[in-house]
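Trainee: Assemble the complex: chain A is given as a structure, and chain B must be docked to it using the hints.
Sequences listed follow chains A and B, in order.
Our numbering applies: residue 14 is where the first sequence begins, and numbers increase by one.
Our numbering applies: residue 329 is where the second sequence begins, and numbers increase by one.
Hints were generated in silico from the structure; no laboratory data involved.
Every residue gets a Cβ at the ideal spot worked out from N, C-alpha and C, and that includes glycine.
Among the clues, some could well be false.
EDC-like, lysine to aspartate or glutamate: derived pairs with alpha carbons at most 16 Å apart [claimed, not checked]:
| id | chain 1 | residue 1 | chain 2 | residue 2 |
| --- | --- | --- | --- | --- |
| 1 | A | K55 | B | E333 |
| 2 | A | K55 | B | E373 |
| 3 | A | K96 | A | E66 |
Pairwise CB distance ranges (calculated) [stated by the list, open to error]:
| id | chain 1 | residue 1 | chain 2 | residue 2 | range |
| --- | --- | --- | --- | --- | --- |
| 4 | A | P21 | B | Y367 | 17 to 23 Å |
| 5 | A | E14 | B | P441 | 27 to 33 Å |
| 6 | A | M28 | B | S348 | 39 to 45 Å |
| 7 | B | G337 | A | L43 | 19 to 25 Å |
| 8 | A | E98 | B | E423 | 26 to 32 Å |
| 9 | B | K384 | A | T20 | 17 to 23 Å |
| 10 | A | E31 | B | S368 | 28 to 34 Å |
| 11 | A | G29 | B | G344 | 49 to 55 Å |
| 12 | B | S340 | A | G85 | 31 to 37 Å |
| 13 | B | E373 | A | I67 | 24 to 30 Å |
Here are a few chain A residues that sit away from chain B, every Cβ distance over 10 Å (derived from the structure) [as the list claims (entries may be wrong)]:
| id | residue |
| --- | --- |
| 14 | Q24 |
| 15 | V25 |
| 16 | T26 |
| 17 | V32 |
| 18 | L43 |
| 19 | E69 |
| 20 | Q77 |
| 21 | R82 |
| 22 | N87 |
| 23 | I92 |
| 24 | M102 |
| 25 | G120 |
| 26 | L126 |
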Amino acid sequence: EPEVTQTPSHQVTQMGQEVILRCVPISNHLYFYWYRQILGQKVEFLVSFYNNEISEKSEIFDDQFSVERPDGSNFTLKIRSTKLEDSAMYFCASSPPNTDTQYFGPGTRLTVL
Amino acid sequence: QKEVEQDPGPLSVPEGAIVSLNCTYSNSAFQYFMWYRQYSRKGPELLMYTYSSGNKEDGRFTAQVDKSSKYISLFIRDSQPSDSATYLCAMSTGETSGSRLTFGEGTQLTVNP
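The following block holds chain A by itself, in its conformation from the complex (with noise of 0.2 Å):
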């Protein structure tokens, strides 16, 4: 059964510093997205992305975060400059055309030091 990959599965950065998180949807979905959990919070909402562009974004997704689709098949998340408090979990997801299905990657732990 297809999958949503991501890697790395963890990361450890020092603040300030940058950091690209990837992930690989199933490979017919259209929709693709970004949430994270910080330990012991709800699944929060970042941001979709359909057709090469934001379709949607949450208050959290401001100017330090930007996503791309470099290619077929990677959909990427990048933190311009880490702060402590973006320590968390950020899961992947992606859905189908015509459905609000969405399927979640086993997800990258961010750790800033």
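Mentor: Then chain B, alone, in the frame of chain A:
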């Protein structure tokens, strides 16, 4: 008022019990309702997906939506130790394709052998 409220538990039941998990919500625009299962430090796994009001059954799982009360439920029959996980409700308005999901906090369930 939170958009989606879910009792975080923890909930502990003996093997074979019927489990009832619930969420309430305040946004009457929500049309699509999902339940996800999340094991510790893993990505959410889609269990059930329903549109608007009504019931949906899949094996030991039954999802119910009551839009008039803004209340959704997930029932697990004949619960097994392998059902021990955190259960997340999620919902979207479906105003546009690829709408964001709004999650509850999750209910931590333990099924004791």
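Trainee: Indicate, hint by hint, whether the structure satisfies it.
Mentor: Verification of the supplied hints:
1. Taken as a hint, the K55(A) and E333(B) pair is honoured in the structure, with Cα atoms around 11 Å apart against an allowance of 16 Å.
2. For the given pair, K55(A) sits about 15 Å from E373(B) by alpha-carbon distance, which is consistent with the 16 Å threshold.
3. Note on K96(A) and E66(A): the hinted pairing is violated, with a Cα-Cα distance of about 26 Å set against a maximum of 16 Å.
4. Remark: the range hint 17 to 23 Å for P21(A) to Y367(B) is upheld by a beta-carbon distance near 19 Å.
5. Hint check: E14(A) to P441(B), Cβ distance near 28 Å, so the stated range 27 to 33 Å holds.
6. A C-beta distance of roughly 44 Å is found between M28(A) and S348(B), which places it inside the suggested range of 39 to 45 Å.
7. Between G337(B) and L43(A) the C-beta distance comes to about 36 Å, which lies outside the given range of 19 to 25 Å.
8. Range check, E98(A) to E423(B): Cβ separation about 30 Å, and the 26 to 32 Å hint holds.
9. With their beta carbons about 34 Å apart, K384(B) and T20(A) fall outside the hinted range of 17 to 23 Å.
10. Separated by about 29 Å at the C-beta atoms, E31(A) and S368(B) satisfy the suggested range of 28 to 34 Å.
11. Range check, G29(A) to G344(B): Cβ separation about 53 Å, and the 49 to 55 Å hint holds.
12. A hinted range of 31 to 37 Å is violated for the C-beta pair S340(B) and G85(A), which are about 47 Å apart.
13. Between E373(B) and I67(A) the beta carbons are some 26 Å apart, a value that agrees with the proposed interval 24 to 30 Å.
14. The claim that Q24(A) is not at the interface with chain B holds, since no C-beta of that chain comes within 10 Å of its own (minimum 14 Å).
15. Under the 10 Å C-beta cut-off, the non-interface status given to V25(A) relative to chain B holds; the minimum distance is some 15 Å.
16. Consistency note on T26(A): stated as away from chain B, and its beta-carbon is indeed over 10 Å from all of that chain's, at 19 Å minimum.
17. Chain B leaves V32(A) outside its interface by the beta-carbon criterion, the shortest separation being 19 Å against a cut-off of 10 Å.
18. The claim that L43(A) is not at the interface with chain B is violated, since a C-beta of that chain comes within 10 Å of its own (minimum 8 Å).
19. A cut-off of 10 Å between C-beta atoms contradicts the statement that E69(A) is not in contact with chain B; the least separation is 6 Å.
20. For Q77(A), the condition that its CB be more than 10 Å from all CB atoms of chain B holds, with the nearest at approximately 20 Å.
21. No Cβ of chain B approaches the Cβ of R82(A) within 10 Å, the least distance being about 14 Å, so the stated non-interface status holds.
22. Against the 10 Å criterion, N87(A) stays outside the reach of chain B, whose nearest CB is about 18 Å from its own CB.
23. For I92(A), the condition that its CB be more than 10 Å from all CB atoms of chain B holds, with the nearest at approximately 19 Å.
24. For M102(A), the shortest C-beta to C-beta distance to chain B comes to about 7 Å, within the 10 Å cut-off, and the non-interface label is violated.
25. A beta-carbon of chain B comes within 10 Å of the beta-carbon of G120(A); the shortest separation is about 5 Å.
26. The claim that L126(A) is not at the interface with chain B holds, since no C-beta of that chain comes within 10 Å of its own (minimum 19 Å).
Figure legend: structure checked against the earlier numbered hints; hints not met, in rising order: 3, 7, 9, 12, 18, 19, 24 and 25.
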